[in-house]
Structure formats: C-alpha cells, structure tokens
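Those protein sequences? They're chains D and R, same order as listed.
Following numbering that gives the first Met the number 0, the numbering of the first sequence begins with 0 at its first residue and continues without gaps.
Following numbering that gives the first Met the number 0, the numbering of the second sequence begins with 0 at its first residue and continues without gaps.
Hints in this document: simulated from the structure, not taken from any laboratory.
Keep in mind the model is a prediction, meaning the values are calculated, not measured.
Ideal Cβ placement from N, Cα and C applies to all residues, glycine included.
All the given hints hold, so there is nothing to weed out.
Now the stretches of chain D that chain R is said to cover, found in silico as 3 or more residues with beta-carbon under 8 Å: (1) 7–19; (2) 35–41; (3) 52–61; (4) 69–79; (5) 84–96.
Here are the computed lysine-lysine pairs in the DSS-like style, where the Cα-Cα straight-line distance is at most 25 Å: (6) R:Lys12 <-> D:Lys233; (7) D:Lys13 <-> D:Lys84; (8) D:Lys296 <-> D:Lys58; (9) D:Lys296 <-> R:Lys55; (10) D:Lys6 <-> D:Lys84; (11) D:Lys58 <-> R:Lys12; (12) D:Lys233 <-> D:Lys125; (13) D:Lys290 <-> D:Lys58; (14) R:Lys12 <-> D:Lys84; (15) D:Lys13 <-> R:Lys55.
Single-letter residue listing:
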Amino acid sequence: MRDAYDKFQAAGIKLYAISYDDREVLAAYAEAEEIPFPLLSDIDSEVIRRYGILNTQVKPDDGVVYGIPYPGVFVTDEDGRVLGKFFQNNYKKRDSAELIIDAALGRVVLSDDAPRASAPEDDGIKVSATFHGGAGTLRQGIIRQIVVRFELPEGLHIYGQPVPDGMVATRVEVSGPPGLVAEAPILPPSTALQLKGSAVALQVWSGVVDIRVPIHANGILASEVRPLDQDSAKITVDVRYQACDDITCLLPRSETLTLELPLDVSDVPALPIHMGHGQREGRFDARSHMKRLMQRKGAKYRDL
Amino acid sequence: MAVNEDGSLNRDKHGFDAPASVDHPARTNIPDGHPAGPAIGERLPDFVLPDAQGRKVDFHNDRGGAKSAVVFYRSAVW
Chain D
0 MRDAYDKFQA AGIKLYAISY DDREVLAAYA EAEEIPFPLL SDIDSEVIRR YGILNTQVKP
60 DDGVVYGIPY PGVFVTDEDG RVLGKFFQNN YKKRDSAELI IDAALGRVVL SDDAPRASAP
120 EDDGIKVSAT FHGGAGTLRQ GIIRQIVVRF ELPEGLHIYG QPVPDGMVAT RVEVSGPPGL
180 VAEAPILPPS TALQLKGSAV ALQVWSGVVD IRVPIHANGI LASEVRPLDQ DSAKITVDVR
240 YQACDDITCL LPRSETLTLE LPLDVSDVPA LPIHMGHGQR EGRFDARSHM KRLMQRKGAK
300 YRDL
Chain R
0 MAVNEDGSLN RDKHGFDAPA SVDHPARTNI PDGHPAGPAI GERLPDFVLP DAQGRKVDFH
60 NDRGGAKSAV VFYRSAVW
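Required output: the full structure, derived from the provided sequences and hints.
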C-alpha cells in the first residue's frame with residue numbers, strides 16, 4: 000500500500016488502515032516505515048466487530064492474537080458505498096494495490112513498465128499478456144494478474160462461451176512452475192449477438208478486451224521462511240481465439256506468450272515476526288510494543 | 000519456528016509457509032461463505048477512530064467525497 004501510495008493519490012482514492020494496535024506502536028511503525036496515510040487505532044476491535052470481520056476462530060484466551068480481523072480491504076465510491084471487497088481464503092493471500100485501484104476506477108490500468116509479451120500483430124489484431132501489480136515481481140501470497148489484452152479493429156469481435164460447433168470461444172490459460180497458482184479467469188461483460196436464422200445468441204467482445212487471470216506464488220515457489228531455489232519463474236500464457244465480423248470469420252488462432260518474472264526476496268526469514276520477519280528490510284523492531292500488547296491482552300504468547 | 004524438528008516446513012494446505020506453526024491462531028483463515036462485512040453496494044458504516052497522532056478521524060467526513068480504500072490488517076506489532 001505504501002509503495003503504491005502515489006498511484007492511489009493519482010486515482011483520487013483516500014487510504015485508511017485499521018488494526019487493534021495502540022497509538023504508540025502505530026506512531027513508531029508509521030515513522031520507521033514512512034507510512035503516508037492514517038493508521039487508525041481500533042484498540043478494542045470495536046469497528047472490526049461492528050463490520051462483522053472479527054476473526055472468531057481466535058478465542059479470548061488466545062492472548063495477543065485475540066481481536067484481529069480477517070484481513071481485507073473495502074473499496075468505496077464517492078458516497079462511501081462498497082465498490083469492491085478484497086478478502087481471501089488465506090491470510091497470506093493479499094491483493095496487489097493495483098487491483099484495488101482497478102476496482103475503484105472500474106477499469107484496468109496497466110503500467111507502461113510492467114512486464115509484457117506481445118504476439119505479432121495479425122489482421123490488425125493485437126494480443127498481449129501483461130504482468131499486472133507490484134513492481135513486476137512474484138512474492139508469496141501476493142495476488143497479481145496476468146492481463147491478456149485483445150485490441151480488435153472496428154467491426155471484429157471475439158467469442159465468450161458458449162459457441163456453436165465449428166467456432167472457437169476465447170480461452171486463456173496461465174501455467175508456471177510448481178507453486179505458481181493461477182485462478183479462474185475474470186471475464187469482462189460480454190454483449191449478446193443474435194445471428195440471423197439462429198435461435199442462439201452469441202456472447203461477444205469487441206474493442207479492447209481484458210481477460211484477467213489472478214496468480215500468486217505459494218511457499219513451494221517463493222517461501223518466506225527458507226532461501227529461494229530459483230531467482231525467477233517462467234510463466235506461459237496460452238491464448239486461443241477466433242475473430243469474426245458480422246459476416247465472415249478469420250481462422251482460429253493460438254498464441255503462446257511467455258514472461259520471465261523475478262521472485263521477490265523481501266523477507267527476513269531468521270527473525271520472529273515481531274522482530275522484523277515479514278518486513279522488507281527488517282527495520283522495525285516491535286519487541287517493546289509486543290510487551291505492551293501482552294500486558295494489554297494477557298500474557299499468553301503462543302510462540303509469535 | 001520456520002522448520003519443524005523433523006525438518007518439515009510449517010506449510011498450510013494452500014502451500015503457504017510462515018514462521019508460526021500451522022495451528023497457531025494467528026494463522027486461521029476466513030471460513031468459506033463468511034460474509035466478511037458490508038456487501039457490495041452498501042454504504043460502509045460510520046466510524047471515528049484516533050490516528051497515530053491521536054487525531055480523531057471521522058471516516059466519511061475525512062474522505063470529503065473522495066473514493067476510499069479501507070484496509071483491515073492484523074497488527075503492526077507482529
């Protein structure tokens with residue numbers, strides 16, 4: 000969030016971060032990590048409870064951990080209404096800031112310097128795959144996207160499911176080494192196209208079409224508690240599509256695009272969590288704050 | 000810590016490694032079907048919370064009509 004702060008500002012999105020921490024640690028943390036947005040202190044987890052996101056699997060006798068939320072992000076519009084929610088089924092999975100900004104803006108904003116592979120232009124059709132989010136690196140649990148962008152000339156369209164026999168629906172498949180997890184593609188809304196003499200309405204996309212595949216690395220590829228086995232991961236993006244106008248179709252095409260993505264060595268594996276583990280440079284030592292948290296929450300320590 | 004006594008890693012069913020043991024309460028995950036707070040389209044409930052300097056921040060007033068992202072995280076301590 001801090002690293003993407005300028006992007007949030009440019010998009011006109013105000014950032015707030017809420018935890019059960021006291022003001023003293025928030026002030027020290029904000030200074031050490033140069034956090035430019037408000038860190039709010041929900042010391043008794045009142046807002047966390049009221050929002051219905053208290054982690055109820057953590058029990059009151061779990062000591063320092065009790066009162067944490069399920070981590071996540073709400074994105075609102077100008078009226079404060081929820082445009083998007085980013086809560087994951089694993090606390091280690093976090094959405095890249097860029098995906099949160101996309102949700103606020105309602106469109107995909109790709110950086111010019113993001114890693115990208117493009118197919119040779121054919122019949123005026125451009126197809127590219129861009130690694131979207133962060134600084135172009137993979138890190139355990141941080142969700143980024145492979146954005147396959149089709150740029151179709153006026154009059155041409157491509158197909159969603161279902162298609163009649165003999166026609167090819169658009170398909171995007173992302174694969175990588177063990178530990179690279181690709182989720183189901185997120186498709187843009189399609190338009191119904193009724194062909195003459197057919198009862199079936201086809202689902203089509205035209206213009207600029209972004210198909211987004213969320214990906215992340217897990218510990219098999221990018222552990223944060225042991226040295227990495229490799230510096231980078233090769234991602235393969237297989238694309239199949241068929242472009243047509245209202246009368247005729249071009250031949251189906253297949254493209255294979257590859258991206259070599261560096262793995263992010265960002266953690267301090269040897270340290271306990273409150274002494275720097277999880278931090279990029281390990282510059283925030285929270286030991287004194289942990290003592291205070293233990294006094295406040297009860298001493299049960301549970302090996303954090 | 001990171002590696003168990005038998006040499007195995009503290010790796011959960013999703014393949015994630017972390018320093019705390021897999022059954023540590025800090026590692027509990029959101030259950031399937033959990034509502035996770037206000038739904039899409041709802042207005043986020045009001046709140047007033049102090050920031051690190053002790054200034055009371057009234058969320059909807061402070062936004063001043065801007066879009067926002069509200070991040071709930073576990074802790075700055077650990």
